[in-house]
Amino acid sequence: MRSASPARRDRERRFAALVTITLAGFALIVLGLLRLQVVEHQRYRQLSEENRIRLEVLRAPRGAIFDRNGELLADSYPSFNIVFRPMPAESTARTPATVRADWVHRVSALVEADSSTIHQLVRAANRSGQTAILRRNAPFAILAGIEEHRAQLPGVEVLVGPLRRYPHGTLAAHLLGYAGQINDRDLETRAAEGYHPGELIGRTGLERSFEGTLRGQDGAEYVVVNAMGKRVSTLTEVPPRPPVAGRSLVLTLDLKVQRALEDAMAGVVRGAAVAIDPRDGGILAMVSRPDYDPNEFSRGLTGARWKALTGDGSNPLLNRAIQGQYPPGSTFKIVTMVAALREGVARPETMFQPCYGSYQFGGRSFGCWKPSGHGSLDLVSALQHSCDVYFYQLGMRLGLPRLEATARALGLGGRTGVDLPQESGGFIPSADWYDARWGNGHWRKGVILNLAIGQGEILVTPIQLALMAGEVAADGRALRPHVVLSVGDGPPATPPHPLQTGIKAEAAVWDPVHQGLEQVVAAGTGTAARVPGLAVAGKTGTAQNPHGKDHALFVCYAPAAQPTIAMAIVIENIGHGGTFAAPVAAQTLRQLFLADSLQKRVAPAVRPDTTGGVHGD
Amino acid sequence: MATRLRLPELDWPMALAAGALLGIGLASVYSATTVPGMHEGLWAKQFLWLVLALGAAYIAASFHYRAHDALAYPLYGISLLLLVLVLAIGTSALGAKRWLDLGPLHFQPSEIALIATVFVLARRFSHPQLDLTRIRHWFPPLLLVLIPFALVAKEPDLGTSLAFPVILIAMYFWAGMPVGNLLLGLSPAGTLVLAFLTNPRGVSFWAALGVVLAGLIVLLKPRRLMLVAAVLLNVGVGMMMPVVKDHLHDYQLRRIETFLNPDQDPQGAGYQIIQSRIAIGSGGVLGKGWLKGTQKALSFLPMRHTDFIFAVVGEEGGLIGALTVVLLYGVIILRGYRLSAVARNGFASLMAVGLVSALFYHVTVNVLMTIGWAPVTGLPLPLLSYGGTALIVNCVQLGLLQNVAMRRQEH
Chain A
1 MRSASPARRD
11 RERRFAALVT
21 ITLAGFALIV
31 LGLLRLQVVE
41 HQRYRQLSEE
51 NRIRLEVLRA
61 PRGAIFDRNG
71 ELLADSYPSF
81 NIVFRPMPAE
91 STARTPATVR
101 ADWVHRVSAL
111 VEADSSTIHQ
121 LVRAANRSGQ
131 TAILRRNAPF
141 AILAGIEEHR
151 AQLPGVEVLV
161 GPLRRYPHGT
171 LAAHLLGYAG
181 QINDRDLETR
191 AAEGYHPGEL
201 IGRTGLERSF
211 EGTLRGQDGA
221 EYVVVNAMGK
231 RVSTLTEVPP
241 RPPVAGRSLV
251 LTLDLKVQRA
261 LEDAMAGVVR
271 GAAVAIDPRD
281 GGILAMVSRP
291 DYDPNEFSRG
301 LTGARWKALT
311 GDGSNPLLNR
321 AIQGQYPPGS
331 TFKIVTMVAA
341 LREGVARPET
351 MFQPCYGSYQ
361 FGGRSFGCWK
371 PSGHGSLDLV
381 SALQHSCDVY
391 FYQLGMRLGL
401 PRLEATARAL
411 GLGGRTGVDL
421 PQESGGFIPS
431 ADWYDARWGN
441 GHWRKGVILN
451 LAIGQGEILV
461 TPIQLALMAG
471 EVAADGRALR
481 PHVVLSVGDG
491 PPATPPHPLQ
501 TGIKAEAAVW
511 DPVHQGLEQV
521 VAAGTGTAAR
531 VPGLAVAGKT
541 GTAQNPHGKD
551 HALFVCYAPA
561 AQPTIAMAIV
571 IENIGHGGTF
581 AAPVAAQTLR
591 QLFLADSLQK
601 RVAPAVRPDT
611 TGGVHGD
Chain B
1 MATRLRLPEL
11 DWPMALAAGA
21 LLGIGLASVY
31 SATTVPGMHE
41 GLWAKQFLWL
51 VLALGAAYIA
61 ASFHYRAHDA
71 LAYPLYGISL
81 LLLVLVLAIG
91 TSALGAKRWL
101 DLGPLHFQPS
111 EIALIATVFV
121 LARRFSHPQL
131 DLTRIRHWFP
141 PLLLVLIPFA
151 LVAKEPDLGT
161 SLAFPVILIA
171 MYFWAGMPVG
181 NLLLGLSPAG
191 TLVLAFLTNP
201 RGVSFWAALG
211 VVLAGLIVLL
221 KPRRLMLVAA
231 VLLNVGVGMM
241 MPVVKDHLHD
251 YQLRRIETFL
261 NPDQDPQGAG
271 YQIIQSRIAI
281 GSGGVLGKGW
291 LKGTQKALSF
301 LPMRHTDFIF
311 AVVGEEGGLI
321 GALTVVLLYG
331 VIILRGYRLS
341 AVARNGFASL
351 MAVGLVSALF
361 YHVTVNVLMT
371 IGWAPVTGLP
381 LPLLSYGGTA
391 LIVNCVQLGL
401 LQNVAMRRQE
411 H
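For the protein sequence lines, the chains are A and B, in the order given. Note that UniProt numbering has the first sequence beginning at 1, numbered continuously upward. Note that UniProt numbering has the second sequence beginning at 1, numbered continuously upward.
No incorrect hints appear here.
Lysine to aspartate or glutamate pairs mimicking EDC-like chemistry, simulated, CA-CA at most 20 Å apart: (1) A:504 / A:343; (2) B:97 / A:193; (3) B:245 / A:193; (4) B:288 / A:40; (5) B:154 / A:193.
Computed far set for chain B versus chain A, every beta-carbon distance over 10 Å: (6) 30; (7) 43; (8) 85; (9) 165; (10) 407.
For the record, the hints were derived by calculation from the structure and aren't laboratory data. For every residue, glycine included, the Cβ atom is placed at its ideal position computed from N, Cα and C.
Starting from the given sequences, assemble the full structure and let the hints guide the process.
And the structure:
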């Protein structure tokens, strides 16, 4: 077949084409070599012999974070780092000099650091060719000392780099999170995003969830330096790339609310509190105890300090407001009541068997928190006095599926979707879950009794409780908690679409709930949350748990008639909610409403003192 | 080489050029790794690799290439398996997974896969029933290349992965595909790149696409089926791109851009380019002399003994040294293509074209990279760069070419 001569000619033509392509490629190479080695030879020789080229990174400042009124919560400021930069040109001559004992000794004395640490840093830098930071955020005295002795300390330089600053220290630390210097592992795994050694990266909180927004883009320029490492000029051949600053965030957070809540939570050892705007789901404040100062991370933590922060049993880095999972205790009775009203299982005036301090079911006795009993109560008073026996009977009539559905509709049992990382979902058991755990139908129907009063397997996070309070305050309108109001100078972002559907029910459902919650504070278990001149609606909770004393809980919203704030407070292992958590709410609300600040600004139309008379004792 | 009778049948210019390049390579690696630092003394290791590589070349030249023909698919299968293994358990360096650690062995399977792919393509294209004027016959080779290409690109190793389409195109061409069909077949790939780099919703994009397509059609006068397929494919790609682009996340777009243009990262690749240009430029015509390179900045260039070895040649050997090296490569490549033209066996001829084209691609892209005219993609310079796998694979390639040379008269 191939013996025919046209085929042979075709082959010769194709061979000629391959040769042509080869020669063209090589001609390009020769042109390039001629240009570099003949035309531009002088310039390159000069660059190689007399001067040195170095890349200077122009650090992009990280975006700032503001509260909703423009109060600064986090920013970056220039700090002076003392670095060791291995000089390529001196690799052979200088490398031995920089690891000599007296050089190391002098440098470590000047930067006030351990000499073995300096020795290691410098050796690593010489090996890798990467700049090493010897002292971060150096004070002026050290800078002056370095500048004075620069000539005798080859390789040592002062570099300006942005440092993260949180002007309010521990305030809202868990929500803001912290940014620290990127580590080797992230450098490797996030190489595609262009991270460089020494760059800041968000580790927790907003700093982490909005890393892409806050982080700018580092620029770079090539500079020509002389033998002493001093800058002579900028290399014109490669135009400098200016850094692009990160965009700033404006939060829904209100510094005044945050401060008030922080103050009220000041004495709490372990616990969390969240305040949310029931009109749009914006987070007004978020507190978690114990706390930490994110500035420590910017300055660089010592190993011992890091261990203290993470190894500590109370785990200060944990954001309990979104990560802590607690039994809701009697705060869950709100869910049970809403479910009962919406499903028509009870009416506000419905009475069941009177409470004599306990309730018999399935051969077991279920106690009320008040051993002497509450006597006969209607639904609203049962909520007011948090009567367990009443809610056992309510739970029985409701059944698990309907109770579960209402709990989920109010935002429990799943992540709220708040724009913060590492949120926990809490847990609402379902019939399927019990079936899976104990076998089909092999579980006591009595579990519903415990669930109805917020005990049993239910777990909630403080932010879920705040969301629940907010949705009740908003008559069942679905909310999506969120922290970021807007990015950069852009317009406020529309509140994110809620994850769950909320509850559509008429006023007949909500009015008794509001009434009962106001009664709780006015003359029930939550009187410690009373604020003169302000109608507060709330519910106490005292959650038994296997870790010691009961957790104290309190959820509330105010002003009751037209709520502008909903809160949830959880204090671990301390005792009754009415005794320990309710006063925190009271102190916060007092500071906010009596100072008339939140009032004026976010709810000009509301008159807080009108409701007191309506639902009085 | 074993018997005196066979000696004259080798392609001697090619063998001598390869020997000279290996010598220059060892000398350059020696020069690059005598400077104190992380890579000090690596040249000794390279010498050991060289001995092994020459042995491998001898073996590759000795077995009749019929054996390679018969073993093409098993070899291809094994190399694909290795590529999958790299993605699963490979070791990463500089953000890419390219290496496989199997006990004492530490190697880059992508280089081995390249040879195996040449074997299967040569086998496929030398099939007597193959008719490249029929579209149906284009797809099996395309599929054979797409699999290793995708696996290597995923590592990610853009430089090496592009060698696969290069050999495919070269072998389509050599197997007799009409040039017009080849160009039309390649046009969707061009459209893809164009759509990515420009705004695929813009008028100018569609205008450019229209003009190029119309030009190709008028010039080449393809058959109707071919014409319809080409137009549909190009328009399809052009219409898909805005949708694809919209659905990519920011970080994905950034990743693709870095993938296409690693040079964007000034602290990594850009720095190396600058230092490499200074090294070559400062070498001038005569060079600074062996071991006398003063552009000591290169001692902080992590890749001076591997991907940027040509910078050492250019600095110490000057224009004369650099041109000598280029000339030696030219000898190998042109003799290699000549070999394809004269070899009577279809498989042998196609194999030679594939191997030589891979070599040509590696050499040009690497050298253009060191002078700053091609993106930094992590491609070694064959026969010169430090690195065991590459050296052995390159020597095996040359051994295979000699294998063809010794048996060029056979059918």
